[in-house]
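A.B. asks: Turn these sequences into a full structure, and let the hints guide you.
These protein sequence lines map, in sequence, to chains D and C.
In this text, residue positions in the first sequence follow the numbering used here: the first is 29, and each later residue adds one.
In this text, residue positions in the second sequence follow the numbering used here: the first is 391, and each later residue adds one.
Hints may be right or wrong, so weigh each one.
To be verified - When the alpha-carbon atoms are kept at most 20 angstroms apart in a straight line, the in silico EDC-like pairs for lysine to aspartate or glutamate are as follows:
# : chain 1 : residue 1 : chain 2 : residue 2
1 : C       : LYS417    : C       : GLU452
2 : C       : LYS490    : D       : ASP96
3 : C       : LYS554    : D       : GLU198
4 : C       : LYS472    : D       : GLU198
5 : D       : LYS194    : C       : GLU449
6 : C       : LYS579    : C       : GLU568
7 : C       : LYS403    : C       : GLU615
Claimed, not checked - Listed next, the stretches of chain C that the computed footprint assigns to chain D, with coverage defined by at least 3 CB atoms under 8 angstroms from CB atoms of chain D:
# : region
8 : 487-499
9 : 540-551
Hints were generated in silico from the structure; no laboratory data involved.
The C-beta atom is built at its ideal place from N, Cα and C for all residues, glycine as well.
One letter stands for each residue in the lines below.
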Amino acid sequence: MAQIKKKSANTHQKVTIDIGDGVAIPTKSDVGLFTAWRIAFFGAIAMFVYLAVFKTDPYWEIIKFVPDGILVTFEVTVASILCALVIGLFTGLGRLSSNKLVNGIASLYVEVIRGIPLLVQLFYIYYALAKFVHVPDIWSAVIAMAVCYGAYMGEVFRAGIQSIPKGQMEAARSLGMSSGQAMFHVILPQAVKTILPPVGNEFVALLKDSSLVSILAVADLLRRGREFASETFTYFETYTVIALVYLMITLFFSKLISLMEERINAGR
Amino acid sequence: MPEDNRRAMVQIKEVSKFFGTLRALDKVSLDVYDGEKVVIIGPSGSGKSTLLRSINRLETVEAGSIVVDGYDIYAKDTNINKVREEVGMVFQSFNVFPHKTVLENITLAQQVVRRRGKEEARTIAIELLKKVGILEKADVYPSKLSGGQQQRVAIARALAMQPKLMLFDEPTSALDPEMIGEVLDVMVKLAREGMTMIVVTHEMGFAREVADRVIFMDEGRIIEEGTPEHFFKNPTHERAKQFLSQIL
Numbered sequence: 029m030a031q032i033k034k035k036s037a038n039t040h041q042k043v044t045i046d047i048g049d050g051v052a053i054p055t056k057s058d059v060g061l062f063t064a065w066r067i068a069f070f071g072a073i074a075m076f077v078y079l080a081v082f083k084t085d086p087y088w089e090i091i092k093f094v095p096d097g098i099l100v101t102f103e104v105t106v107a108s109i110l111c112a113l114v115i116g117l118f119t120g121l122g123r124l125s126s127n128k129l130v131n132g133i134a135s136l137y138v139e140v141i142r143g144i145p146l147l148v149q150l151f152y153i154y155y156a157l158a159k160f161v162h163v164p165d166i167w168s169a170v171i172a173m174a175v176c177y178g179a180y181m182g183e184v185f186r187a188g189i190q191s192i193p194k195g196q197m198e199a200a201r202s203l204g205m206s207s208g209q210a211m212f213h214v215i216l217p218q219a220v221k222t223i224l225p226p227v228g229n230e231f232v233a234l235l236k237d238s239s240l241v242s243i244l245a246v247a248d249l250l251r252r253g254r255e256f257a258s259e260t261f262t263y264f265e266t267y268t269v270i271a272l273v274y275l276m277i278t279l280f281f282s283k284l285i286s287l288m289e290e291r292i293n294a295g296r
Numbered sequence: 391m392p393e394d395n396r397r398a399m400v401q402i403k404e405v406s407k408f409f410g411t412l413r414a415l416d417k418v419s420l421d422v423y424d425g426e427k428v429v430i431i432g433p434s435g436s437g438k439s440t441l442l443r444s445i446n447r448l449e450t451v452e453a454g455s456i457v458v459d460g461y462d463i464y465a466k467d468t469n470i471n472k473v474r475e476e477v478g479m480v481f482q483s484f485n486v487f488p489h490k491t492v493l494e495n496i497t498l499a500q501q502v503v504r505r506r507g508k509e510e511a512r513t514i515a516i517e518l519l520k521k522v523g524i525l526e527k528a529d530v531y532p533s534k535l536s537g538g539q540q541q542r543v544a545i546a547r548a549l550a551m552q553p554k555l556m557l558f559d560e561p562t563s564a565l566d567p568e569m570i571g572e573v574l575d576v577m578v579k580l581a582r583e584g585m586t587m588i589v590v591t592h593e594m595g596f597a598r599e600v601a602d603r604v605i606f607m608d609e610g611r612i613i614e615e616g617t618p619e620h621f622f623k624n625p626t627h628e629r630a631k632q633f634l635s636q637i638l
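C.D. replies: Here it is in structure tokens:
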């Protein structure tokens, strides 16, 4: 899933990590995609405004009903990504550890989690584990998504850390730093440049996948839509609005990521 | 020389290391005394860098023992980080920290490892930048520096720990010819101040001028050892003669 392109230019290797489960990132060099992004983003906004203003019945009612869900979607996404970052950092470090046990556990976690669909993981934590503990709805959602994305994030961290030349670690260690100090002060601050764009991409992917939690009793954007539609039977209209809202949000973030990447590449 | 009175800073005994079946170090023994300057030369692949890197355990050896500043660096109760604090290392590829300014490169380990305050670390760093002649670059990032300047930052960074021993692993090999001099000048100055130094280099002029002892290595062994005069004028070993005739 994480494909890593290595371009080696003299001693400094530049590594870009493309993860294909977020969104296509519109860069200026890819003119076709850049144009497509504009058409999609501004088209979605225009359509949304048109429906809200000229087709008030039932669109205005739908638009009034769903914002609570957007908030929940963001809450779940942000909480999950933060937990996933922490899990990912430790997983990445574990995957690089020379300690066989630590390395084995981290690798096993990555393999197992990546082999199980997120929806099944959600069901497992919410329904299957209910036999032993009852986890509140929103927490089941956050735990399942954090555990799932932590595995992907682990690979992002691993690749980012590995992109830093070996000499950096040797220089830090030869100054008397412990491996932890060297990692914290020397390696990770440099790896952030490589890690940040794919993390942004994972954020968008997670935001989209958060719609799966509507299966549980979590009132996210999609769930609010379902509630509204099933009461009013306006399936077409409701899901059109839901799709437009998701589209606007993800396209907005994909643009943000591409700007961030540009700034990182321009600096230094 | 009255060798018995002098304290050995580094004692290497019967050290061997293999890369697969290749014997990188073959029962190498070497003592380096306090204040001594030892220059190690030899063809590439002779094990000189491996020997140097094993002194602060960047390479681990399979047999033999290495004692640095009184610590057996392979003993289980030896904290290698403590030993490394006292052993400065300069690399062929500089390895300055690109995300830190020149000044921060020199203060980082002082603060993190030596636990010095910010001001104290800064004062020491500025002194060292004057010494290596790049004070005006203090707030610049390393990518804006030439190779020679980066290597001088790396030397200052190592010196900031106030080490008892400095290891140089081909410090000028990655430099353009016109920048070699500025780095060697700093090293000569350091030697004059009495620093204990072990230097792997191809700079024969430096070896002649600075070394108390020249070590010639080939195929993982020390095969010739002596003062620069002895070594450059009448080497006894055939392989050393051949090597010198090729490079001089």
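A.B. asks: What are the numbers of the hints that this structure violates, sorted from low to high?
C.D. replies: Result: hint 2 breaks, nothing else.
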